[in-house]
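Number of protein chains: 2
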Amino acid sequence: MAAWGERLAGVRGVLLDISGVLYDSGEGGGVPIAGSVEAVARLKRSRLKVRFCTNESQKSRGHLVGLLRHLGYDISEGEVTAPAPAACLILRERGLRPHLLVHDGVRSEFAQVDTSNPNCVVIADAGESFSYQNMNKAFQVLMELENPVLISLGRGRYYKETSGLMLDVGAYTKALEYACGIKAEVVGKPSPEFFKSALQQMGVEAHQAVMIGDDIVGDVGGAQRCGMRALQVRTGKFRIVANLIEMRSYWSRVSL
Amino acid sequence: MAAWGERLAGVRGVLLDISGVLYDSGEGGGVPIAGSVEAVARLKRSRLKVRFCTNESQKSRGHLVGLLRHLGYDISEGEVTAPAPAACLILRERGLRPHLLVHDGVRSEFAQVDTSNPNCVVIADAGESFSYQNMNKAFQVLMELENPVLISLGRGRYYKETSGLMLDVGAYTKALEYACGIKAEVVGKPSPEFFKSALQQMGVEAHQAVMIGDDIVGDVGGAQRCGMRALQVRTGKFRIVANLIEMRSYWSRVSL
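Chains as they are written, first to last, in the UniProt record's numbering: chain X, 1 to 256; chain S, 1 to 256.
Hints in this document: simulated from the structure, not taken from any laboratory. Being a predicted model, the structure only gives us computed values, none of them experimental. Please note that the accuracy of each hint is not assured.
Dumping the calculated DSBU-like pairs for lysine-lysine here, alpha-carbon to alpha-carbon at most 35 Å [said to hold, decoys possible]:
#1 196/X <-> 137/X
#2 137/X <-> 44/X
#3 183/X <-> 44/X
#4 44/S <-> 196/S
#5 183/S <-> 183/X
#6 137/X <-> 44/S
#7 183/S <-> 137/X
#8 183/X <-> 44/S
#9 196/X <-> 44/S
Let the sequences and hints guide you as you build the complete structure.
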């Protein structure tokens, strides 16, 4: 394996996943992953540009940033690329009026969107709001459309909370895809458009950027397909899945 | 198209789907589909053997039969092939102890099954019990197993109730399959084993039997793959999907 310096040569910008990389979400706001608060501070002091690239779709950016700042992170709302605002742009561009199958915590991101007489469904990580009734309503809306459009904020299978693994939006998107015989459009990682918008916002080319995440598909694979470099941390869902015994993250090794 | 007499030559037994064919389930027990009570009575008076082959997994056979008898159908519990008892046989044969993600209405079918320290998950049409919490629990049980086994009572996408189309177990099975990266074992139509057990119980060979259902995949395709003939009625989900204007069923045409 090449040395860190060599592998990261020419890097000008760092994209950081949030959940499972900076912190584990959960009751009471979640807990930071050891070393990550300091790592973000160190990155911010470095010559590198930093941006946070998350598939978080249960909370608004404002709520998420407030929570992270409370945990000690140096982060502001303008530094976050998240799927809900990206979806709003798409809805506006295409004249789509969504039925929202989302968590109440992210609803404010859609405040400016016309949701009357829906001609599509937007599904996000709705958590407890993934009741049978809510899923069935979204299903019925789609079945009544001549050209059903389902926009999914991510395709994650699950994420890690402090209490354990939790089903993510991707599982419920699969359910609606199967029931309706359709294919969802994904807004969020690993969609290339999503990574590209994050790079644009950071003002860095793909070959000059590295994505740091815990998801081999959504973070690492997606970023690499866009021409970026990628690092998978051994925290978050990686840790659970690989069933690692040693509690350790890559954070301590990354010195930029 | 060949005449009915010709197409049904040599038929000795009839397998009837229930939901969407005999009746539409729903609030207050559901409503019979016009002509079906009389059609069942006529079949029972004929020289043909009759068996009911359903993927109903929200109600026990006892409950289902009670409901149908109340609506006027000549039907007894011993005439019904349903996935829950078929699943119980499999669980016993393989020493599996299920975590049950099922509707309370069908739980009695599993009364004799050991559910301690689960080593598999059984998923059925749980209806309102498909809460996020219950889905997540089933997901966590599967993720903790070295060899996760998911047994699904059917693979239906949706069914028709009097109030409209309803998400069926297949959608939720897809969600768990995707989240866990596994493939479910299906007990129920269109599984060949399920059709074969119905034929055995009826004492009729596949080439001597006709399946009557409203689902082109679960009923018609599945039966045909087993060497049976099949008729698709234009009621139940067929009607909704094809968006037929004329309210009419094949029942009036089938004279056996």
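Against the structure, the hints:
no.: 1; hint: 196/X <-> 137/X; in the structure: holds, 33 Å
no.: 2; hint: 137/X <-> 44/X; in the structure: violated, 45 Å
no.: 3; hint: 183/X <-> 44/X; in the structure: violated, 39 Å
no.: 4; hint: 44/S <-> 196/S; in the structure: holds, 21 Å
no.: 5; hint: 183/S <-> 183/X; in the structure: holds, 19 Å
no.: 6; hint: 137/X <-> 44/S; in the structure: violated, 40 Å
no.: 7; hint: 183/S <-> 137/X; in the structure: holds, 27 Å
no.: 8; hint: 183/X <-> 44/S; in the structure: violated, 44 Å
no.: 9; hint: 196/X <-> 44/S; in the structure: violated, 66 Å
The structure fails hints 2, 3, 6, 8 and 9 (numbered hints given earlier, in ascending order).
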